[in-house]
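Peer 1: Put chain B on the given structure of chain A with help from the hints.
Protein chains in written order, with my numbering: chain A, -12 to 101; chain B, 3 to 115.
Derived by calculation from the structure, the hints in this document are not laboratory data.
All figures in this text were calculated on a predicted structure; none of them were measured in a lab.
Any given hint could be a false lead.
[As the list claims (entries may be wrong)] Quick list of in silico lysine-lysine cross-link-like pairs, BS3-like style, CA-CA up to 27 Å:
#  : chain 1 : residue 1 : chain 2 : residue 2
1  : B       : K29       : B       : K85
2  : A       : K58       : B       : K46
3  : A       : K36       : A       : K56
4  : A       : K93       : B       : K64
5  : A       : K96       : B       : K46
6  : B       : K46       : A       : K56
7  : A       : K93       : B       : K29
8  : A       : K93       : A       : K58
9  : A       : K36       : B       : K46
10 : B       : K22       : B       : K85
11 : B       : K85       : B       : K20
12 : A       : K36       : A       : K58
13 : B       : K20       : B       : K64
14 : A       : K93       : B       : K46
15 : A       : K96       : A       : K45
16 : B       : K46       : B       : K20
17 : A       : K48       : A       : K58
18 : A       : K96       : B       : K11
19 : A       : K36       : B       : K29
20 : B       : K64       : A       : K45
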Amino acid sequence: AQSVSQHNHHVILSEAASLELGCNYSYGGTVNLFWYVQYPGQHLQLLLKYFSGDPLVKGIKGFEAEFIKSKFSFNLRKPSVQWSDTAEYFCATNSGAGSYQLTFGKGTKLSVIP
Amino acid sequence: GEEVAQTPKHLVRGEGQKAKLYCAPIKGHSYVFWYQQVLKNEFKFLISFQNENVFDETGMPKERFSAKCLPNSPCSLEIQATKLEDSAVYFCASSQAPGTEAFFGQGTRLTVV
Chain A
-12 AQSVSQHNHH VILSEAASLE LGCNYSYGGT VNLFWYVQYP GQHLQLLLKY FSGDPLVKGI
48 KGFEAEFIKS KFSFNLRKPS VQWSDTAEYF CATNSGAGSY QLTFGKGTKL SVIP
Chain B
3 GEEVAQTPKH LVRGEGQKAK LYCAPIKGHS YVFWYQQVLK NEFKFLISFQ NENVFDETGM
63 PKERFSAKCL PNSPCSLEIQ ATKLEDSAVY FCASSQAPGT EAFFGQGTRL TVV
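Excised from the complex, chain A in its bound form (with noise of 0.2 Å):
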């Protein structure tokens, strides 16, 4: 079964400082990778997406990510976080579970400091 790994529980940043978050996958196939954000008490909403094409995926609010196919990664990435930025971060993937449902990392909780 396919698994994600993200390997930061809990990320403190003081505005304007960079994020990077780390996710690596493990499917070995063709891959459809997603980045998630969680609001306190919100519902999960889409960041940004990468099915094929240009592995340097721009989403909304300034995130980034790069699929790095040889490491299996998807790190997500913003120049100067904001306090508004504070959330949960999930990343997903829908390859290789044969009905298409999306297998979650852990999150990764990010908190920046005024």
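Peer 2: Below, chain B alone, put in the same frame as chain A:
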């Protein structure tokens, strides 16, 4: 509609009582997924539908959980005889086609006391 609508937002049940959750997918989306979020973080896949047909139910606890997606009605997830460990947020998601982006509803927080 343009968003996945889940009702109710909150549900409190005593142990042993039945709980029923509803989900209206985005219009035009053929695939519906149910997930259970426990311990605040971990998402567990429960079941998926393609229109009214069960697509994958490998995540469903067999004994007490059931789900349906009937034509012209919201999809539903029902838990018979709830247990304390069923306390979680249940999210519904829909997508237009297999493998494409899934849109999530606001979730239903089930508390079993």
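Peer 1: Now tell me, hint by hint, if it's right for this structure.
Peer 2: Hints and how they fare:
1. Taking the CA atoms of B/K29 and B/K85, the gap is about 33 Å. The hint is violated against a cut of 27 Å.
2. Our distance criterion of 27 Å between C-alpha atoms is met by A/K58 and B/K46, whose separation comes to about 26 Å.
3. With a C-alpha separation of about 15 Å, the suggested pairing of A/K36 with A/K56 holds against the 27 Å cut-off.
4. Between A/K93 and B/K64, the direct Cα distance comes to roughly 25 Å. Compliance with the 27 Å bound is thereby established for this hinted pair.
5. Straight-line distance between C-alpha atoms of A/K96 and B/K46 comes to about 18 Å, which keeps the hinted pair within the 27 Å bound.
6. Taking the CA atoms of B/K46 and A/K56, the gap is near 26 Å; set against the 27 Å cutoff, the hint holds.
7. For the suggested pair A/K93 and B/K29, the alpha carbons sit about 30 Å apart, so the restraint of at most 27 Å is broken.
8. Distance hint between A/K93 and A/K58 is fulfilled; the C-alpha atoms sit about 19 Å from each other, no more than 27 Å.
9. For the proposed pair A/K36 and B/K46, the alpha carbon gap of about 20 Å is at most 27 Å, so the pair holds.
10. For a cut-off of 27 Å, the pair hint linking B/K22 to B/K85 stands: about 14 Å separates their Cα positions.
11. For the hint linking B/K85 to B/K20, the alpha-carbon distance of about 10 Å falls within 27 Å, and the restraint holds.
12. Of the pairs offered as hints, the one joining A/K36 and A/K58 holds, with about 18 Å between alpha carbons and a cut-off of 27 Å not exceeded.
13. For a cut-off of 27 Å, the pair hint linking B/K20 to B/K64 stands: about 15 Å separates their Cα positions.
14. This hinted pair checks out: A/K93 and B/K46 have alpha carbons roughly 10 Å apart, not beyond 27 Å.
15. Between A/K96 and A/K45 the CA atoms are separated by roughly 21 Å; this keeps the pair inside 27 Å, and the hint holds.
16. Taking the CA atoms of B/K46 and B/K20, the gap is near 21 Å; set against the 27 Å cutoff, the hint holds.
17. For the proposed pair A/K48 and A/K58, the alpha carbon gap of about 26 Å is at most 27 Å, so the pair holds.
18. Simply put, A/K96 and B/K11 have alpha-carbon atoms about 23 Å apart, close enough for the 27 Å limit, and the pair holds.
19. Under the criterion of a C-alpha separation no larger than 27 Å, the hint pairing A/K36 with B/K29 is consistent with the structure, at around 22 Å.
20. At roughly 41 Å between alpha-carbon atoms, B/K64 and A/K45 are farther apart than 27 Å, so this suggested pair is violated.
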